[in-house]
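Read top to bottom, the protein sequences are chains C and R. Per the numbering used here, numbering through the first sequence is continuous, rising by one, with the last residue being 482. Per the numbering used here, numbering through the second sequence is continuous, rising by one, with the last residue being 439.
Some hints could be false.
[Said to hold, decoys possible] Taking CB as the label site, the calculated pair distances span:
id, chain 1, residue 1, chain 2, residue 2, range
1, C, Glu69, R, Pro41, 41 to 51 Å
2, C, Glu71, R, Asn340, 27 to 37 Å
3, C, Ser381, R, Ala405, 25 to 35 Å
[Stated by the list, open to error] Covered stretches of chain R (chain C as the covering partner; in silico rule of three or more C-beta atoms under 8 Å from a C-beta of chain C):
id, stretch
4, 149-158
5, 272-282
6, 294-308
Think of the hints as simulated: they come from the structure by calculation, not from any bench. Every residue, glycine too, gets a C-beta built ideally from N, C-alpha and C.
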Amino acid sequence: MNKYTEDDLKKELETKEYAYGFYTDIEADKFAAGLNEEVVRAISSKKNEPQWMTDWRLDAFRLWEKMEEPEWANVTYNKPKFNEISYYSAPKQKPKLDSLDEVDPELLDTFKKLGISIDEQKRLSNVAVDIVMDSVSVATTFKKTLGEKGIIFCPISEAIQEHPELVKKYLGSIVPKTDNFYAALNSAVFSDGSFCYIPKGVHCPMELSTYFRINEGGTGQFERTLVIADEGSFVSYLEGCTAPQRDENQLHAAVVELIALDNAEIKYSTVQNWYPGDKEGKGGVFNFVTKRGLCETNAKISWTQVETGSAVTWKYPSCILKGDNSVGEFYSIAVTNHFQQADTGTKMIHIGKNTKSTIISKGISAGKSQNSYRGLVRIGSKADNARNFSQCDSLLMGNNCGAHTFPYIEVKNKSAKIEHEATTSKIGEDQLFYCNQRGISTEKAIALIVNGFSKDVLNKLPMEFAVEAQKLLEISLEGSVG
Amino acid sequence: MDLKEKLISSFLAFENTSAADAGIHQIRTAAFHDFEQKGFPTRKDEEWKYTSLKEVLNHDYQILTKNNTSDIDLNDVRKYFIHEIDTYKLIFVNGVYNSLLSSATHDGMDICVMSSAISKPKYKMVVDYYFNKIVNKNLHFANLNTSFTKEGAFINIPKNVVVSKPIEIIYFNTGEDAELMLQPRNLVVVGENSHVQIIERHQSVKENSVLTNTLTEIFAHKRAIVDFYKIQNDLDSASLIDNTFVSQQKESIVSINTFSFGGKFTRNNLEFYQEDERITSNLNGFSLIGKDQFVDHHTLVHHKKPNCESHEMYKGMFFENSTGVFNGKIIVDREAQKTNAFQQNNNMLIDDGASINTKPQLEIFADDVKCSHGCTIGQLDEKAIFYLRSRGIPEKEAKALMLYAFGNDVIEKIKIPELKERITRIIAKKLNVDLSLEV
């Protein structure tokens, strides 16, 4: 057997091609490129939205027009031209479907290629899936089973129609329209996304999952996710993303809002695998996402993310720990390769007493990529006994990539306990030597070390996703080597 | 008239009166031009995100220093000297060199003043070669200091010299002007294999508003060893902005130790540039501040070549409503393989109302490196205090002991015993206890 060395691993990482780069030829209903009030109105009317929603969007659009694109992130890219993007693209509208059999076979094919054959998912993994393609939700499974428990899991466009009171109350309450440039843009033009409501005291019996896919060229995807966990409930939510290979840069600007009321718990996991561009850094998705969650008393929000895709990532899933005793967690693996750039991290805002947060961030950079961790831990003056532990580790492979850490820590309360540590390293020769001399082959040793490096985070993923994430990382882990 | 306008109008007068070489004139004018364009930083600048200058700049400072020596009573200021040991002394009063109190030398090395260095042809080569070469031109206050370069310490140690006694540089402010802005400029060049210890201090004798914007350039040649101590224990009426730039050659070891106890507002910009291999840079900081005080440490270590090390350790203790800022940046260039860079920032918030903003920042472009940073914010261990009290040590003393132990990692880096004792005494006074520790 050939010896598997770090160089091989490096090569493997460098030459690994994007497996999800196919394009499905489905007739799409697409708006002409450009953005103005008319387009916003058109999106709204296309969705049959009530007047309050249209006004909400227009308000966001007007705010967006006055805003400037942020430049503080440690990434460089050609700014998207907002007038050359089509803001609405939907697979040609079908009459409302009752069962999957009626879904366009080509669409089903796409899902098969994605490895999320809806049928299979339904039977085997017990995961309810909502699939969003080019900004429009095309299929939601398991609706009935969930409905029995009173759980609402549907496209957000449907929620606007059927549960306006919930949407009205919570939409934009965590990420206001004015929050940032891309959040404002999203508020104005979002076409669909998932909506989820878990009633009081309900433990959601299955993982809820959304798959996002950009299919059509020259479009942007702007989806909006709203998850509300009422008092004492629990939900685990998964999100996966892919896009076809294209030479141009596509824009993805999503907003995710989580609300965990008293004693509720939300676990939100993401495997982000948008098309990262080719080896020369051409094409790829710009991923500018705003994700934020609010914890009321005793609530807990946990973000887990595996970031392998996108040409440029700009993403900071955050927790506002408003209630006493609330808990925020952030686990992240970000892998960048070729010319990818990732500026990602989290914000933990401690407001309530006895709040706790944990941040574990692992960055792996290869090729000519740049990987940044940017985080904020803020302890307000009333947040007595707040506790934070942060760890950000970077692994560099090769000499052309970079790893950056920008942790901000602001403490205004004397009873806070904060620990932050960061390390940067490569797979040490001494570590390999140690393993070797214990009879572990280099190949296994590398697998062991990389596995150990990212295990803290992989462990936090739900089972099905963990498997996919490991595949995505394309790093041989336990059992798959040797 | 705001301070910037005042500086602009003063600059012309300054240029006309201050004697200097043509080259220096040019540098000063260019730097001033930069300052004029950029003005003072605001909180929108990332580097000043947590630091507001509003209070500091809102004074009618006297900008041009007088040319004649001010009177100063030796008895008033003697206590600020490390009088237990013999030292070279460079003493400045209200920005003017005081030759009576000083003990300079030209014997085998130059320990003298900037004003003669920039005007006498004898030093022209040294000044041309080093002056303003490593100053970060993006720093507003560094440019401002450069444009008003006039006086300060000039230390030029040739090859193979171990300077027999430490050099003390002290800037006094006697309160002759109600509000005064001082801009001392120091240049330290240490030749191959040479060794020098320097202690720098800025001290007010009377409570008048003083803003000191000081800049020090340090060049360490091959295998040179430089120990630099900054004692910042000024009166509550004083503000200090310290800019220090260090350029190191092969196998040199430079340690900058900053002890911040006093002053209303203190900002330290400390930047290290490693120009060759096997260099060691040490950055140590100790802050212990109380009511209405503010201390900000901004450090940068730029690793440019392989096989170098940097060790950074900053400890902070914050009482009452004081605020601390720490921003430690480490850059490792692609070429700088086998770098070991360690950074540690530990803070204690003692009272309600104290706050700390810290941002340890790593930017790494090389793969075979070991870099780490750690940052903690915590409190005194109740159990340990209880233990000490159960042994008959009063609460105040117990706390002081704990704090002293917390900061001891930094204190024990001081290589001059008399200075260590002095620092310990300052800490004891600040904590209002008798530590009576053997040092």
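A quick look at each hint next to the structure:
1. Remark: the range hint 41 to 51 Å for Glu69(C) to Pro41(R) is contradicted by a beta-carbon distance near 23 Å.
2. At about 33 Å, the beta-carbon gap between Glu71(C) and Asn340(R) stays in the expected band of 27 to 37 Å.
3. In this structure the supplied range 25 to 35 Å holds for Ser381(C) paired with Ala405(R), their Cβ-Cβ distance being about 28 Å.
4. With 0 residues carrying a beta carbon less than 8 Å from a beta carbon of chain C, the stretch 149-158 of chain R misses the three-residue requirement, and the given coverage is violated.
5. Closer than 8 Å: that is the beta-carbon criterion, and the stretch 272-282 of chain R has 0 residues meeting it against chain C, so the requirement of 3 is violated.
6. For the stretch 294-308 of chain R, the assignment as covered by chain C is violated, since 0 residues bring a beta-carbon within under 8 Å of that chain's beta-carbons and 3 are needed.
Checked against the numbered hints listed earlier, the structure breaks hints 1, 4, 5, 6; every other hint is satisfied.
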